[in-house]
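Peer 1: Chain order of the listed sequences is C and V.
Following the working numbering, the numbering of the first sequence begins with 1 at its first residue and continues without gaps.
Following the working numbering, the numbering of the second sequence begins with 1 at its first residue and continues without gaps.
Everything labelled a hint here was simulated from the structure, so no lab data went into it.
Cβ coordinates follow ideal geometry from the N, Cα and C atoms, glycine included.
Worth double-checking, as some hints may not be accurate.
As the list claims (entries may be wrong) - Straight line, CA to CA, 20 Å or less: simulated EDC-like cross-link-like pairs of lysine to aspartate or glutamate:
1) V:K320 to C:D266
2) C:K319 to V:D167
3) C:K248 to C:D295
4) C:K119 to C:E196
5) C:K168 to V:D167
6) C:K167 to C:D266
7) C:K318 to V:D315
8) C:K189 to V:D167
Unchecked claim - In silico negatives: residues of chain C with every beta carbon more than 12 Å from chain V:
9) A176
10) N197
11) A218
12) R244
13) S256
14) T325
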Amino acid sequence: MRFRTLAVVALATSVLVAGCSNGAPATNPSAGNNGAAKAGGGDITVALVTHAAPGDAFWDVVKSGAEAAGRQEGITVSYSGDPDPAKQSQLIDNAVAQKVQGIAVSMANPDGLKESIQKAIAAGVPVITVNSGLEKSREFGALTHVGQSEELAGEGAGAKFRSLGAKKLLCVIHEAGNIGLESRCSGAKKTFGQAENLQVDISNIADAQNTIKSKLLADPGIDGILTLNDGIAKAAVAAKKEARSAAKVATFDVSSDVTDAVLAGDISFAVDQQPYLQGYLPVVFFGLKVRNGNDVGGGQPVYSGPGYVTRDNAAQVKKFAAAGTR
Amino acid sequence: MTAASVTADERLVTPSWASRMMRRPEVGAAVAALIIFVFFSTTTDAFLSAGGAATWLESSAQFGIMAVAVALLMIGGEFDLSAGAMVGTTGLIVGVLATHLHVNLWVAVLVSLVAAALIGALNGWLVVRTRLPSFIVTLGTFFVLQGVNLAGTKLVTGQVSVQGFADVAGFYDARWAFGSSAQFGGFTLQISVVWWFLLTAAATWVLQRTRPGNWIFAVGGDENSARQVGVPVLRTKIGLFMTTALAAFLVGMLQLFKTSTVQASTGVGQEFIYIICAVVGGCLLTGGYGSAIGAALGALIYGMTLQGIVFAQWDNNWLKAFLGVMLLGAVLVNNWVRRRAEMRK
């Protein structure tokens, strides 16, 4: 269980950002997860309202980020979450009724939350959107958005591949028709140049490995493979070995197996959206807003990532993951 | 009433060797497989290379093991829509038990085997006892398994995929049975291909040469008549569902030990591919007709096409559309061949 938190970034990213990982729906709890986590103290109280089901390890990292910021800034943080947009709206309404000084909201379903968010803003409570909902954040009147743009993260990965000296990139999409995955690949293509997509099926990783191998045999010129899921990353590493290809493998979604593969040199780097920051930064921003009148971001999003797990920092990341902050 | 009119009785005429061959259920699939093989062999470089052939053979094997079991079940007149999710379930049971509950790997594999057998038996028992269509019963099982796979995995591991499986004690011992390979020059023979061939041979033998084989055809052809002539319908059907579940267990293990990971969504949606392979191989949806070799050929067609499209460097976003056309084509060819053969006598 040591690296549980880190490992679950895979799932959480999928459920949260655009359902990228494996199409698995979030578990639906019968009741809301309203256990308010009080941290720190002082005169400011902010609410973090997410669309997470209880016990989601990705959001545990976000939550510990928010609590750490609360302790350091002397801000009381109350955390709640519910995957049902209607219930999440109620949680936002509750926070407004409690007269908090700021609400951070993850908008997995922006339209479902629109009314509550605009009511909060009308009541004078500043809102920051986190993790998902970047495209609607500004329209709804949020101060800023803290999260990762899939396109930008893809661009980062593409540039990194180029600096590794790769000439021809293969981007493996494991879920047909997923916008988030497509934007990652198109971002990579933008900065990398010669890149191709390959479609595989996440529900059959063993065969995905065969398909990647076939592609490498058919086109020996491919010397970079970008996968978007930790399981597919492992399949790509195995396929590369079987096809005796020297291609470099990198992946989105950090998990403990991926971190180990990075340490072993099988995976060159893993793209991390750094969930800790998605809890930490909004709390700090609200503190600045209340105490100093600052508008961080100036209406533009603040990016929490991408961060990269490479051989240089993988051991460190493992240590932080064990402590629940990565 | 002369002797000549007795020998002219059509039931006693021995058909020619050629028309007997033409009447086999797998003949259409064999022709289609040959065409696809020649097509990709001539149009791509990698398809016929040692590495390429190993890849599409292994891809076919993963589907073929299931397709053969599903074909037996379809000949017996039933469907199993839970077959895909069951692959995930069996893999997840082993993965979760071994990595998180630190159960001995072999014990975990045994638990998974027993669980698969029980779920298969339950499927069969429900279908026979309730007289509901197996389509509905196994659709129910499918959803239950899909939910249990996700919720159970998250409950125990807090994640949706099994991590660190390759570090489990005994992983490389068990891999000998489920994930090993042998080198013949540049050609890598994966153990899944061996399993596939063995199962196809065994299933063909059972169907053609044994009493349970006759029972399978009988219950699929007409359940009531079969019961009236003394065929043990309940036993036959439960046996068929258990065979499918055990094949799912085998594929679950092969995939788990090959990739050293399994996700909660593993196998979902794959059940239709197994049915497609069986139908392309000549199985009728109504039961009572089909063959194991045909299903194996259906899987071979699927595997060759799946990898062939990649070898040919076509945009594999079109894969599903291509497969749909191929399925329809194969069924039409099958029908045509069968009708011609029956008319010719």
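Peer 1: All hints, please: hold or fail.
Peer 2: Hints and how they fare:
no. : hint             : in the structure
1   : V:K320 to C:D266 : violated, 32 Å
2   : C:K319 to V:D167 : holds, 19 Å
3   : C:K248 to C:D295 : violated, 42 Å
4   : C:K119 to C:E196 : violated, 45 Å
5   : C:K168 to V:D167 : violated, 33 Å
6   : C:K167 to C:D266 : holds, 19 Å
7   : C:K318 to V:D315 : violated, 38 Å
8   : C:K189 to V:D167 : violated, 35 Å
9   : A176             : violated, 7 Å
10  : N197             : violated, 8 Å
11  : A218             : violated, 5 Å
12  : R244             : violated, 8 Å
13  : S256             : violated, 5 Å
14  : T325             : holds, 16 Å
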